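Model the full assembly from the supplied sequences, consistent with the hints where possible.
Take my numbering: the last position of the sequence shown gets the number 561, and nothing is skipped along the way.
It is possible that some hints are incorrect.
Claimed, not checked - Here are the computed lysine-lysine pairs in the DSSO-like style, where the Cα-Cα straight-line distance is at most 27 Å: (1) K346 x K305; (2) K119 x K270; (3) K265 x K336; (4) K459 x K472; (5) K56 x K31; (6) K270 x K116; (7) K216 x K116; (8) K459 x K270; (9) K216 x K265; (10) K321 x K305; (11) K216 x K119; (12) K31 x K191; (13) K116 x K31; (14) K79 x K101; (15) K459 x K119; (16) K459 x K437; (17) K56 x K101; (18) K459 x K56; (19) K116 x K459; (20) K56 x K116.
What the hints assert, rightly or not - Derived Cβ-Cβ restraints for the label pairs, each shown as a range: (21) E369 x H399: 24 to 34 Å; (22) E256 x H219: 17 to 27 Å; (23) P268 x A357: 19 to 29 Å; (24) R262 x A50: 54 to 64 Å.
Just so you know, these hints were derived from the structure itself, not from any lab. Please read all numbers here as calculations on a predicted model, not as lab measurements. Ideal Cβ placement from N, Cα and C applies to all residues, glycine included.
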Amino acid sequence: MQRASVGPREHVRARIAADGFKFTKDGARLGARNAGDPFPAWVCDLKGIMLEPQWIDAYAELFWERFADKLPFQVGGFETAGIPLVTAIVMKGHARGTPVNGFYVRKSRKRYDLMQRIEGTPNAHPVILVDDLVNSGSTLRKHLVELSDAGLHVTDYLAVLAFRDADAYDAAVPVHTLFTLKEFGLSMPHKKMDTPHELFDTQWRYKGEHPSFNLVVQKSRPVLDETHVYFGSDDGVVTALGQATGEPVWTYRIGKHPPGKGILSSPVLHEGTLYIGAYDGVFYAFDARTGSVRWKYDDADWIGSSPCIAPKPGLVYVGLEYGLFRKRGGIAALRMKDGTEVWTDRTAQLTHGSPLYVPEHELVIIGSNDGIVYAYDAATGERRWATPVHSDIKVAPAYASNLVFVPALEGTVYALDIVSGSMRWSFKTGGLYSSPYVRDAYVYVASLDKCIYALDAMTGIEKSRFETHGRIFATPTYADGAIWVGSNDGRLYELAPETLSLRGSHQFSERIVNAVAYSEYARTFFVPTVANEIYCLRRKATGPREAGPSGR
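Here you go:
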């Protein structure tokens, strides 16, 4: 007797059931699915079977059975699982005589070549997205924002396997699935994602020219006065925007600088003067209203440091970088009114780190690439102490309660005594390129290990943490009753100050690499991205801010 042929759906299901799940043995851990999830007893991995010819052909057949009546369309997928799925669909469409265009979306831009986010050549047709698995839906939400930013219209999303029922996903498009966990005797908690997404309405968005996508470090943070937003850009332009409209009020282009590395310095504003450093080696003081240059200081070869000011002695401080063999880095104290050099000191390596002024002790603290933290008398430049931490220091320290909190690039935050420079405690993370933020009894530390930590400021004991889906270069900040931090996953997170439980998030199309600025008067947020963008956002009027699950 001849055996009946197995249909495409049964073939796909049978192969998933046989080899698509890996189960724990003897209590061994399998990788956690999402930040905060417990280690599961199983994981689903379809990559080992989806390139089998019969499986991938059956999958493509199922796709066309479901969506053929929606032609014309194009199909897009997510790196990496979406690539073979898109390929199979495109090839099946060609064989059917109904050819469609295909493309895929990268997890992140390449750091070289064309640095594209979308590979392929999308056309004007509607988009159907495909992927292997959907769990929380966070990847889907991210890519929907990216595709919308690229001018593409997504109509449907198809996953091979959904961990939850379709109504659990807070997505802007219909979520279709070929299978659910129930068909394989497994389950996940059925709950709608109870944490608010897309917290804001965009008031305006400013896009600077020639962003350096390959330069993923902390970039120029916006600073505000009552009516304007000020910041620098990769291509060497200082810009003032109107807060209400996002339209440029004035711009200034700096001198010759390394390609794609114009301004990383975050400006500081004081009594109508804007101070900022640049990679043309010049430190600038601008009239904030008109953009005219009040004075320049041009001793350095490059300046990546962000300045700080000391109103009492009338000085502004900034780190310096030099290209000479015996002259590598340092710090300068300049008169705020005319740029006169009052004192300087030299360091053995480049000083990209930014200074901190502590008025209670009349000290200026700065770290350098030589792995040393320096404390100076703010008025005279007398070196009070120098403490080695044996790693580059790329950003500014923070201060509270006679302790200086120093972020070392290798991943340790150090608490140093403000008077002596002696070490009081240290806490190890996975890399630090953001400044600590201190509020009440906590010091908040955002790390390249994708986590933000809340530490007891006096002891360094970890009180809570929250894990994002990307490395964190952005400095945390407090605004509107919450801690805010952006991540390389392109998401801005709103966290409860004490527990770091998730209150909500907002997805952007690009990485967020520095702190947000907040206008209490207008109740608007200004969010910088790695792409020289500034978003002006206002919180949505609907939806309470409920505490979500702990990020631990």
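Numbered hints the structure breaks, given as an ascending list: none
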